[in-house]
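Novice: Chain by chain, the residues:
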Amino acid sequence: MNQRSSNLLDEALGLDQSIEPWPLRGRIVAIEDQVETSGSFVLHHILKRSLSPNSSNVSIFIAFSQPFSHYDRVLRKLGCNLVTQRDNNRFFFFDMLMLQCPGGDEGISPECGLIALYGKIYKTIVALPEVSSKNVTIIIDDLSLMEVAANGSSDYVLDFMHYCRTLTTEFDCSLIALNHEDIYSSADRPTFLLQMEYLADILIKAEPLATGLASDVHGQLTVLNKGMNYRQGSSRNKISNFHFKVKENVVECFYPGSQG
Amino acid sequence: MAAAKTRISSFSRNLSTAAQSQGPGLKCGPNGTVFLSSGIPDLDKILGGGFPLGSLVMVMEARDPRGFLGTLPCPATSKDDKSREHDPDQEKGLRIAWQYKKYFRENQLNFNCQRDGKHEYSNEFDLRKPLERHFLNGQRVDCVSVQDSLNLSALQDRSATFLSQFPRNDGSISCAGRIAIQSFCAPQCAYSNTEWDMLSFIRSLKSMVRSSNAVALITFPPSLLSPSFCKRWQHLADTLLSVRAIPDEDKELSQLLTGYQDMVGFLNVYKVACIHTQVPVILEATTFSIKLQKRRFLVLECLNQAPVDGSSGTSYGTSGSCSGSSKTGNLDF
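Which chain is which? The protein sequence lines are A and B, in order. To convert, note that position 63 of the first sequence is 62 in numbering that gives the first Met the number 0; the numbers rise steadily by one, no gaps. To convert, note that position 103 of the second sequence is 102 in numbering that gives the first Met the number 0; the numbers rise steadily by one, no gaps.
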């Protein structure tokens, strides 16, 4: 029943089929949310799927937002034990809560936090046994706090993301990143957001309902999957839109008006 | 007989001993959280218990907070609190207020265990009396002024030193720390890189508080921030509130709201902390009126729309709760 209730999100992400090979292999997923509606649950869902017992996926979690204890408790209720996965070298948690890059031009020096972070990710991946057969998912929570850690240097954060993008081509890693859309939509030039949306193969937007908040429906998800259907050389985008309700152990996704 | 045998099971209930031995002013909450009282009992109820330890609370305030927040009030004496106790027997006789009774019943489920220890968790404060000096004697209170110069690095170090007294561990919590920063927003921040520095400070404060048995509360005037940065601050907050004063003699509001003349301001709840959970907290109401009961006790009430035709006395049900109206002849439900 839990599996079925998440099918709309899994379908939109291509996770409703088999999980080997990992459908998000080599793809970049950008999740956008707002103050009124958090998109963190999408991160948790993808993390849970990537650490499925039937797969050999490895996840690297870059946490700027919450400590490990928070994700541990949340994922436990979703049926995933992060402590066990960490002990089994399937889950790597990088606590970036106190990371702060030095200001000025020192941001691009090797000692800068973001460069060191990339190096850490790279070393973790190459140290994995049989790296070519592993599906590695890199999850970042969240990009706006990475900007704060970089003293507002969006360029450094974009550079970091481009570096991580090389991992998707070199090692077929998946890259999942959460960001807050309303921060940039109220800015004069939402360049950073647009760049991320351009990079992303899958764009997921979590928004409140136009009618406001409700206890039965927590918001709506719009998933734009820039899928590649090579039929006669054509590629096709797939857009899915549905409502959701977040529970402790599952996310219920349903089409508008179908929740009974 | 099976009943006489000791049943050995691979499953054992994880009883946290810490849940039984929290200090005064602390209360266990769901998902392994511990609540700290906001100091306003009605606000504690609205937020589902209080401020979770390890959380960052941000309050968006009106431009001139002094006239609205005032000085620290004195805790009310126990005899003053009797008028606030709700006699369940009396509630049964309030036939008009049946939906209001439902509101009290739902919240009592969260607070039944605290009934006997009510004064240990929260206090009523008499807003007419300033805090007496003897309450501060022997208390660990540190005051820092940032009016003249905003040295964020020093403020961060000071906060770290203070929070080191309340490390997070698995044992019981004897006391919790509180950091309150009022009107945290330099007037010149829009014209320098101070916005990013302040954001860095808030982020690091939040991170330090996360690993402490403490709560940090920051008030700030959002009008002094650019819209983009205001959103960044809002996202950083675990609990996000706003407070604004009600203009005197606003004829439109007086026609729209019941009991307008008793209100001193509005409280909006935009976000409630979700620690150790992914389930958002959806409140039935997000806007509350701030009133003074007997001119000294702060109470928060849901808003009630006044009857469309105020002179007819015809009831007009538009909201889920009710409140007493000082206008003769108006029926609200």
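Please note that a few of the clues may not be correct.
What the hints assert, rightly or not - Cβ-Cβ distance ranges computed for the label pairs, FRET-style: (1) P29/B - H161/A: 40 to 46 angstroms; (2) T160/B - N87/A: 50 to 56 angstroms; (3) N88/A - T160/B: 46 to 52 angstroms; (4) A209/A - K250/B: 30 to 36 angstroms; (5) P23/B - T190/A: 21 to 27 angstroms.
Think of the hints as simulated: they come from the structure by calculation, not from any bench. Idealized CB from N, CA, C, for every residue including glycine.
Novice: Look at each hint and say if it fits the structure.
Specialist: Against the structure, the hints come out as follows:
no. : hint                                : result
1   : P29/B - H161/A: 40 to 46 angstroms  : holds, 41 angstroms
2   : T160/B - N87/A: 50 to 56 angstroms  : violated, 39 angstroms
3   : N88/A - T160/B: 46 to 52 angstroms  : violated, 38 angstroms
4   : A209/A - K250/B: 30 to 36 angstroms : holds, 31 angstroms
5   : P23/B - T190/A: 21 to 27 angstroms  : violated, 51 angstroms
In summary, the structure is inconsistent with hints 2, 3 and 5 from the numbered list given earlier, while agreeing with the others.
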